[in-house]
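Listed here are the chains, written in short residue letters.
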Amino acid sequence: MTEHLPGNNYLAPELLQKLGDLELIAREVVEGLRVGTHRSPLRGCSTEFAHHRQYAPGDPIRSIDWRVYGRSDRYYTKLYEAETNFDCYLLVDASSSMNYASEKVSKLEYAKFLAASLAHIVLTQRDSVGLSIFDSEVRAHLPPRSTMSIILQIDQLLRNIKPVPRSSIAKQLHDIAIMMKRRSVVVVISDLLSDVDDILAGLDHLRFDGHSVVVLHTLDPYELEFPFQGAWCFEGLELEEPITTQADRIREEYLANFNQYMTKLRNGCAGSQVDYMTVNTSLPPNEVLSEFFFKREAMINGASPGARP
Amino acid sequence: MTFLHPLILLASLGISLPILAHLLNRHQVQHTPWAAMQFLNRNVRVRSRQIRLRDLILLLMRCAALLLLVLALARPAWQGSIANWFPGESRAGVVIGIDASFSMAHGDKDQTRFRRALGQVAVIAKNIQPGDPVSVVLLGGENKVLARNMAFDQNRFSDLIETAKIVPAGLDLDRVPGQLKELADDMEALNKEIYFVTDIQARDWNESSTKFQSALADLGESGQVFLAPVPGIDGNLAMTELELVSGVLRKGAVGRYQATVKNYGTDPVTNVEVQCRVEGVQIDTKTIPIIAAGASETVSLFVPFHNSGPTRITAEITGDLLPTDNIRRVVAVVRDRVSVLCVDGTDGTAGRLLMAALLARSDGSTDENFQVKSIPWLSLPSEPLEEIDVVILADVPEITEQQTKQLSQYVRQGNGLVWFAGKNVKANIWNERSASNSQPLLPAKLGLPVDVSTGNGAGRPLDPSMPDHPLCLPLRSLPEDLFSETRFLTRLDSEIPSSSFPILKLAGSGDPILLEHSLGRGQVFMFTTSAETSWNNMALTPVFPMLMQQMVTYLAGREFEPSQTVGDSLSLAYEEQPDASDAVFDSPSDELITVPVREHRKQFVALLENAREAGFYEARVSVQAPGLPIAVNIDSEESNVSSLTTPELNQNLDSTNIIVAPSEAELASAIQANRTQKSSWRQFMLIGLILLIAESFFADRLQKRKQLKGPTDNSNLGGQDG
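Order-wise, the sequence lines are chains A and S. The numbering of the first sequence is our numbering, which starts it at 1 and goes up by one. The numbering of the second sequence is our numbering, which starts it at 1 and goes up by one.
It is worth saying that the hints were derived from the structure and are not from the lab. Check before you lean on any hint, since a few could be wrong.
[Claimed, not checked] Residues from chain A shown here face chain S by an in silico Cβ test under 10 angstroms; the list is partial: (1) Y75; (2) Y100; (3) A101; (4) E103; (5) M148; (6) S149; (7) L152; (8) D204; (9) F208; (10) D220; (11) A231; (12) I250; (13) A256; (14) Q260; (15) Y261.
[As the list claims (entries may be wrong)] The following label-pair restraints were derived from C-beta to C-beta distances: (16) L20/S - E235/A: 34 to 42 angstroms; (17) G230/A - F698/S: 34 to 42 angstroms; (18) L9/S - E241/A: 56 to 64 angstroms; (19) T32/S - F294/A: 54 to 62 angstroms; (20) L60/S - E235/A: 27 to 35 angstroms; (21) F294/A - F698/S: 48 to 56 angstroms; (22) V164/A - D700/S: 20 to 28 angstroms; (23) F698/S - V164/A: 22 to 30 angstroms.
Even glycine gets a Cβ: it sits at the ideal position worked out from N, Cα and C.
Taking the hints into account, I'd like the entire structure generated from these sequences.
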């Protein structure tokens with residue numbers, strides 16, 4: 001249970017994990033999100049009627065405007081702005097390091113919750129959601145679509161992928177950028193435990209292609225605080241050599257290094273106009289998303305994307 | 001390698017604790033998968049190795065420090081050639097026994113045996129390391145322990161040795177091994193050395209018992225024994241005796257004292273001058289022309305008593321290498337006059353014979369300072385006893401209870417009573433009256449007359465073997481045929497308690513004729529035969545006057561007269577329960593010794609357990625009271641100062657592993673040769689402590705370095721970041 005939402009402990013990551021059904025999870029998260037007063041940050045990209053065109057074989061029957069048919073006895077289909085200017089790509093890191101969990105929910109599972117919740121939000125706005133899953137390479141890529149089935153596909157894809165250690169993130173981002181045909185909102189959900197310059201290079205590529213990039217830097221609370229005491233053997237998830245040490249003695253140095261990394265990453269994102277947010281996996285996803293949307297809205301309303309405290 | 005306290009080594013198991021802690025710490029390593037290895041990779045890998053190395057170094061330092069401290073406490077020592085490979089010092093616990101008997105004072109002033117003994121002690125001290133345990137005992141008399149397990153310090157030790165003085169007593173050689181062993185066993189040292197510095201008096205060593213020999217051998221089990229002999233030349237004269245042989249101790253009379261001088265040397269000594277002093281004033285000097293080697297010579301010293309009261313008399317020789325035994329002391333209690341009252345229970349015969357024997361003057365003339373008076377027994381109640389020194393009751397049939405109390409009180413005050421049996425004596429009445437007091441008046445319970453004549457009707461003579469009693473002195477000088485003329489036909493049977501003892505007995509039967517016991521400060525003599533001639537012919541022989549005069553002399557001047565020997569107990573008897581609870585004894589060196597008064601055998605006595613000095617003590621019933629002098633002399637047996645020869649000494653020590661070092665050089669050499677063990681506990685302790693301090697410093701430094709880096713501000717790490 002978190003201190004921020006004491007009454008919503010049913011949204012704790014551990015409880016969401018027990019739900020199993022990702023669509024249900026996403027709905028729960030989004031429902032929890034609506035309890036607040038925040039508006040969707042993607043509202044500016046909402047769909048609007050553009051014009052009619054004559055029906056052609058192959059068009060979806062449900063897009064036929066039956067009122068026009070009643071008046072003119074001709075088949076016309078409705079065309080919307082949304083279909084042409086808003087896609088949301090969810091880039092989920094499924095590398096080995098994302099499997100770390102100090103408690104029951106791993107970073108990868110938490111990333112799944114976030115991705116599903118975001119997809120749910122986007123889809124309820126009738127926008128399209130695409131998905132890319134990567135580790136050492138791009139494991140899966142779903143082009144944007146507007147059906148809720150993508151949430152199930154997220155779950156299925158992540159379940160089937162065997163995590164592989166990742167040495168670089170830029171390459172994968174480059175590859176994904178190539179696969180994206182239109183300018184989109186790209187949400188990168190990753191622990192970004194890699195070289196900062198490499199990460200920034202990948203993000204820069206996305207920005208260069210005109211995408212609006214959001215980084216949800218997903219980290220375990222233990223990675224943030226390093227609360228270990230006594231002798232610990234740290235076995236690297238990315239095939240690093242294990243390190244046995246007195247954790248309490250090295251905590252200060254760890255935090256110093258980590259802070260240095262975080263500062264560099266944060267400054268880099270700000271410089272590249274990448275919207276950055278640290279996600280603590282011990283917090284409920286709805287709270288994280290609420291905070292995210294609040295800041296996103298503030299940005300849209302005037303603040304520059306990189307002007308984060 | 002040997003250890004003084006091997007059990008302490010068990011504490012070395014304690015090093016398992018830091019090792020165990022270290023191992024447990026290692027085994028308690030928890031494993032976790034970790035994603036953010038990149039923040040560990042750059043720094044922690046090196047650091048982890050460093051920590052491991054530092055932990056190992058700290059662990060080793062702790063273990064080594066603990067091990068070294070345990071080893072140090074166990075007091076290790078290296079033996080043999082291995083000792084050369086390790087640091088250490090030649091250490092030993094040292095027990096020094098110094099012969100301080102007065103024979104050690106023999107020699108020239110600056111070269112006495114004792115001085116040479118102290119020289120040997122100085123050699124021993126040079127080889128003692130500071131801090132080593134040292135015990136020093138002065139052997140002689142009661143043996144005085146000067147130091148017990150004292151941590152050696154040269155200055156303190158020198159000061160201590162300077163206080164060592166010769167005691168005016170002999171050496172009890174049989175007690176020496178036990179005393180030294182007790183000190184050695186009481187000492188905590190891995191290597192023990194026992195030194196015995198003595199003049200190896202032949203008198204002691206030749207008469208040493210097998211028990212002494214075995215004790216000496218046992219002493220070797222407690223440590224290495226060194227004997228440092230300081231023998232000297234043999235020549236020594238000693239004043240061995242000074243005794244009153246005749247005369248009455250009263251004012252105006254002259255006492256004849258007999259002084260005996262013995263030559264303990266191997267050469268005859270000529271012209272030995274004997275000086276007699278009374279109260280420090282020389283009054284007589286005699287010269288003994290020659291004293292053969294090993295022989296004794298006596299001279300008579302005539303002492304005129306000009307004043308009454310206790311009189312200190314000394315006889316002294318000079319020009320001797322051992323002054324301690326050149327002087328002999330006695331105290332004579334001189335009375336203003338001596339008055340004897342004979343109470344005659346016969347028809348006057350006994351009184352007449354007693355007066356004749358005491359006065360011993362054929363012309364019947366009298367001496368105003370020596371009065372003898374005879375009265376019939378019925379006149380006793382009217383006779384004042386305050387003026388009488390000795391009362392003689394001869395064949396008195398009976399006395400009243402009041403007379404019994406009067407006579408008891410009279411004797412308790414320090415006067416004398418002589419009692420003769422006879423045919424008129426009513427034994428049952430005497431027994432009843434005598435026993436009516438807390439302590440019986442007479443020395444024995446009376447029985448019936450017994451015929452002690454031999455088979456042919458002749459009387460039985462006195463036993464010529466007599467105890468060493470002042471009364472017997474003149475009788476011993478009588479020719480044997482004259483002595484045996486005294487015959488006894490009848491005696492009164494007697495039941496003798498343990499508090500009385502016989503002085504004269506009959507030859508053959510051993511029946512007691514003369515008994516003595518003490519009553520307060522006085523004495524009671526009891527003849528079991530008659531004073532007149534019906535039961536014996538004693539009154540007609542020279543024995544009677546000699547015996548009676550000696551008895552009066554003894555009784556009239558006995559108080560505090562007997563000389564004591566150093567080590568004896570000195571007693572002060574009271575007439576009745578004293579007001580003060582303590583008596584005071586002034587020693588010859590003017591030391592004031594307070595002694596509590598105790599009741600002993602229904603008498604009040606102050607007993608000074610051990611007279612440590614030779615000279616005149618003074619006993620006082622209180623600090624203000626006049627002193628009663630007591631002469632204390634040395635035991636002249638110690639005067640035989642001849643030492644063992646080297647072969648004799650070797651023969652004596654044949655069965656032991658005692659190292660004999662006659663000279664200072666030999667002693668120093670023997671110590672060095674024997675001290676092969678090296679003690680390393682100080683080094684171990686020092687290194688252990690240094691390691692401990694270094695470990696603490698190292699650990700503290702690591703801690704401080706960690707603190708100096710200060711806490712990292714990670715307040716923004718727990719939540720979201722924009």
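Hint check:
| no. | hint | result |
| --- | --- | --- |
| 1 | Y75 | 50 angstroms, violated |
| 2 | Y100 | 4 angstroms, holds |
| 3 | A101 | 9 angstroms, holds |
| 4 | E103 | 12 angstroms, violated |
| 5 | M148 | 28 angstroms, violated |
| 6 | S149 | 31 angstroms, violated |
| 7 | L152 | 28 angstroms, violated |
| 8 | D204 | 20 angstroms, violated |
| 9 | F208 | 23 angstroms, violated |
| 10 | D220 | 7 angstroms, holds |
| 11 | A231 | 4 angstroms, holds |
| 12 | I250 | 5 angstroms, holds |
| 13 | A256 | 5 angstroms, holds |
| 14 | Q260 | 9 angstroms, holds |
| 15 | Y261 | 7 angstroms, holds |
| 16 | L20/S - E235/A: 34 to 42 angstroms | 27 angstroms, violated |
| 17 | G230/A - F698/S: 34 to 42 angstroms | 21 angstroms, violated |
| 18 | L9/S - E241/A: 56 to 64 angstroms | 44 angstroms, violated |
| 19 | T32/S - F294/A: 54 to 62 angstroms | 34 angstroms, violated |
| 20 | L60/S - E235/A: 27 to 35 angstroms | 29 angstroms, holds |
| 21 | F294/A - F698/S: 48 to 56 angstroms | 53 angstroms, holds |
| 22 | V164/A - D700/S: 20 to 28 angstroms | 48 angstroms, violated |
| 23 | F698/S - V164/A: 22 to 30 angstroms | 46 angstroms, violated |
Consistency note: the structure conflicts with the earlier hints numbered 1, 4, 5, 6, 7, 8, 9, 16, 17, 18, 19, 22, 23.
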